[in-house]
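Asks: Using the sequences provided together with the hints, build the complete structure.
What follows is each chain in one-letter form.
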Amino acid sequence: MVEAVATPREAWITGIGIVSCLGEGLDAHWQGFADGKRVVDTETFAPYIVHPLAPIDFDKQIPKKGDQRQMEPWQRIGTYAAGLALDGAGCKGNKELLGRMDMIVAAGGGERDEAVDGAILSALPNAAKPDLFLNERLMSDLRPTLFLAQLSNLLAGNISIVHGVTGSSRTFMGEELAGVDATQIALARIAAGQSEIALVGGSYNGERSDVVMLYEFGGYCLKGDFRPVWEREAGPGFALGSLGAFVVLENKAHATARGATPIARLSAAASGYSRRAQPGAIKDELARMWPRVAGALRPAGAAVISGATGAAPATAEEKDFLAAQSELPVRATGSLVGHGIEPQMVMNVALAALAVNRGKLFPPCGALERPMEGALTQAVVTGVGHWRGEGLALVEAIG
Amino acid sequence: MASVRDKSGRPVVVVTGMGVVTSLGAGKADNWEKLTAGQSGIRAISRFSTGGLRTRIAGTVDFVPVDPLTSPALAGRLADMAAEEAVAQSGVGRNGHFPGPLFLAVAPVEVEWPQRQEVAKASGANQQVTYTDLIRAASSGKFRHYHERFMFASVADGLAQKFGTEGAPVSLSTACASGASAIQLGFEAIRRGETDAALCVATDGSVNVESLIRFSLLSALAMSNDPPQGASNPFSKNCDGFVMAEGAGALVLESYEGATARGAKILGVIAGCGELADSFHRTRSSPDGKPIVGCMRNALEDAGLTPEDIDYINAHGTGTPENDKMECQCVTTVFGERAKQIPISSTKSMIGHTLSAAGAIEAVVTLMTLEHQRIPPTINYNIPDPAITLDVVPNVARDASMRRALSNSFGFGGQNVSLVMAREPN
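Chains A and B supply the protein sequences, listed in that same order.
Just so we're aligned: the first sequence equals residues 3 to 401 in this note's numbering.
Just so we're aligned: the second sequence equals residues 245 to 670 in this note's numbering.
Everything labelled a hint here was simulated from the structure, so no lab data went into it.
Ideal placement from N, C-alpha and C gives every residue a C-beta, glycine not left out.
Any given hint might turn out to be false.
Under 10 Å between C-beta atoms, here's a sample of chain B residues computed to sit facing chain A [claimed, not checked]:
1. K278
2. T280
3. L348
4. P352
5. E354
6. I379
7. V453
8. L462
9. R667
Every beta carbon over 10 Å from chain A, so not counted as near; a handful from chain B, in silico [what the hints assert, rightly or not]:
10. Q283
11. S290
12. R458
13. L549
14. D635
Estimated spans, in silico, between C-beta atoms of each pair [as the list claims (entries may be wrong)]:
15. B:E362 - A:R145: 24 to 32 Å
16. B:G340 - A:G226: 40 to 48 Å
17. A:A117 - B:A288: 57 to 65 Å
18. B:H525 - A:G297: 44 to 52 Å
19. B:R338 - A:G282: 40 to 48 Å
20. B:K365 - A:L134: 40 to 48 Å
Replies: The following block contains the structure:
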């Protein structure tokens, strides 16, 4: 079934499905970045800033209302984006292909029922027997199916049900690192002959009070006035963004045999894990990883698509590293699409693929980034977790 | 010596260290003794009030003190214990430096009720508490430690730091198949030649009130609370659900070549892994059984074996009527006439269903079964289900001659993983 391979096999990106505050699909994102379109919601979670999902007609990728009802927003976003990627790769509805397609999803947890939580918390202090009261209320107020909308691996489960991807199904967790791991392991499996074609990605609903609370425990949420990610030294933090990002990653020979059109090549991916108690550790880890993905970089046609979040000290260390490492132009896409945690790496791999495919880099996402005039053929993608984990990838133009 | 590469030229992957913690006890020796004695670790839940609940039992690990108790804190502690046993037995690397990556199967992490209540109280909201109040309290900086505690990566982070595993630890979930997936990921990394060793750990400490109620609301849990030890009765006619349980399993995987080069004792072989997802339903298996059948066949094919080569099956065997019947039907399809002769036992009858940890705990049990040439039974098998025609090794452990075994793990979301293990390399 699987042969050992002497030399790594090439992996092509043959489909991309992305949704964010900028809209859905490659063209909407290309246009959004070209325009430097700023879509932020400063009111719903004030003083915190989020990037709200653009209006999406979920029926287009999730035709059964019954399926949609079984999902919470994060799963709908992801299942929708996965459908776009499969459409783009020309795999939609191809049962034979989907039945052997691998899947790696980067996921967190699902939405709380905020009304139920609030009602229980309000009444608990006055309950005669708080323990019994909690049991009774959870038994009567939790929707049985909400659990399935919260389980991390049920995004993958929904993609299997709605789109029929069933070759394998793995869900990685661990915040930003989940997306880095998904990218790196999917590529390694294809390179080694363990996989022919894989759907890789994730999704996030950033418009949730429960996650604002979670990240605000650590003081990580952006508040006050909006600024691009590199310009948040005075008030570090990330603006959560609702987004979905999936790519179809495919062995070159497999793609060629079925006549698929490649968008770009995923040439390398690496994960890292600095011990962050030491200042400078992130910088050192990125420097250690850099040659593994950027060894064959031709600087004249290369750029960095950064997943910088705006969190401290991660973003400042990444900024220092990039400044010291190379003269490459940099785009921190989070300034426009926000930070979606788990799917962020795949979103940036997708945006890098889009840019090298169009042969040019989109305009700066903030005042500290400089324009690039020449042709773009290579993009290094960074993904430095707000708390743990570092990732790098190299995306290259084909032909 | 057997070949260090398989027929396809890939490195053979062996197990050189194992650790386990369940409600039965800590460590392989204690667990093995109790499993082969047919003892149950299921008990009445004492951790929180079960008043008004339909299910009041679980396989909680109560002998490991964790304060303050949260699911990820307990999961981390159990994983630590299992990994320590496995790494010590293996002797690979040096203290604080494990020469390979960590793959950790862990339950989804979220803020729990005691913490939510604490934050609500600190918010000072006196009538209607909303998330606006909780966020205001969260932003005070007084709960900074809850950020780290409730990050999904936090459990793996503790292990990676302690054991000094290489690179970024991978946290994963394939629901109740997670433990098997963790082993599969380590197995694949060694086969790719990326590493000579991998630490594969699976853990679950999630018997908390909301988790119990969630499963209960899906009608997935056993409700025969009295006596607790009798509640988990897979393959029985009167089984009515699984029993939630806690625990951890850990395996040190190494390339056979690397393990023999350093003179390590080989505890067993991971011969093959198979998976196949199910697109039928979020919690139910496809009635035709094709995904589960395909999963087992993929594992056999990956191992280069045929159904005739399997001498024992450690069942997923949850004790939910649907799972047990489906597993029986699919085993019968894969193994044909021989199905009735292959002993198949569910150690969940004693341990309960350790959810994210089950696949790894059961891999450890399966390898111990091969090592000791003795099969732990399916206990509480008092009312046979005529629809289950397999040899479920009822109630009493049995000696048998076995070279290779299959372990099944199935989960919500259409997750199916099967592992093939062997006593020694070919």
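Asks: Take the hints in turn and mark each one as holding or not.
Replies: Results for each hint:
The interface hint given for B:K278 is violated, since its Cβ lies 31 Å from the closest Cβ of chain A, which is over the 10 Å cut-off. Because the beta carbon of B:T280 sits about 33 Å from the nearest beta carbon in chain A, more than 10 Å, this interface hint is broken. Interface restraint check for B:L348: the shortest CB-CB distance to chain A comes to about 9 Å, inside 10 Å, so the restraint holds. Using the Cβ-Cβ criterion of 10 Å, the hint placing B:P352 at the interface with chain A is satisfied: the shortest such distance is roughly 5 Å.
Given the 10 Å rule on beta carbons, the hint for B:E354 holds: about 5 Å separates it from the nearest Cβ of chain A. Hint on B:I379 holds. Least Cβ distance to chain A is approximately 5 Å, under the 10 Å limit. For the restraint placing B:V453 at the interface with chain A, the shortest Cβ-Cβ distance is roughly 7 Å, inside the 10 Å limit, so the hint holds. A distance limit of 10 Å between C-beta atoms decides the matter here; for B:L462 the minimum to chain A is near 6 Å, and the interface restraint holds.
The closest approach between the C-beta of B:R667 and any C-beta of chain A is roughly 24 Å, which is over the 10 Å cut-off, so the hint fails. Consistency note on B:Q283: stated as away from chain A, and its beta-carbon is indeed over 10 Å from all of that chain's, at 30 Å minimum. The beta carbon of B:S290 is kept farther than 10 Å from every beta carbon of chain A, the shortest such distance being approximately 12 Å. Its beta-carbon lying about 4 Å from the closest one in chain A, B:R458 breaks the requirement of being farther than 10 Å from that chain.
The claim that B:L549 is not at the interface with chain A holds, since no C-beta of that chain comes within 10 Å of its own (minimum 13 Å). No Cβ of chain A comes within 10 Å of the Cβ of B:D635; the nearest lies about 30 Å off, and the non-interface call holds. The hinted window of 24 to 32 Å between B:E362 and A:R145 holds, with their beta carbons roughly 25 Å apart. Range check, B:G340 to A:G226: about 43 Å between beta-carbon atoms, so the 40 to 48 Å window is met.
Against the hinted window of 57 to 65 Å, the Cβ-Cβ separation of A:A117 and B:A288 comes to about 33 Å, which falls outside the hint. For the hinted restraint 44 to 52 Å between B:H525 and A:G297, the CB-CB distance of approximately 47 Å keeps it satisfied. For B:R338 paired with A:G282, a C-beta distance near 26 Å fails the hint of 40 to 48 Å. The supplied range of 40 to 48 Å is broken by B:K365 and A:L134, whose beta-carbon atoms lie about 19 Å from each other.
In summary, the numbered hints that this structure violates are 1, 2, 9, 12, 17, 19, 20.
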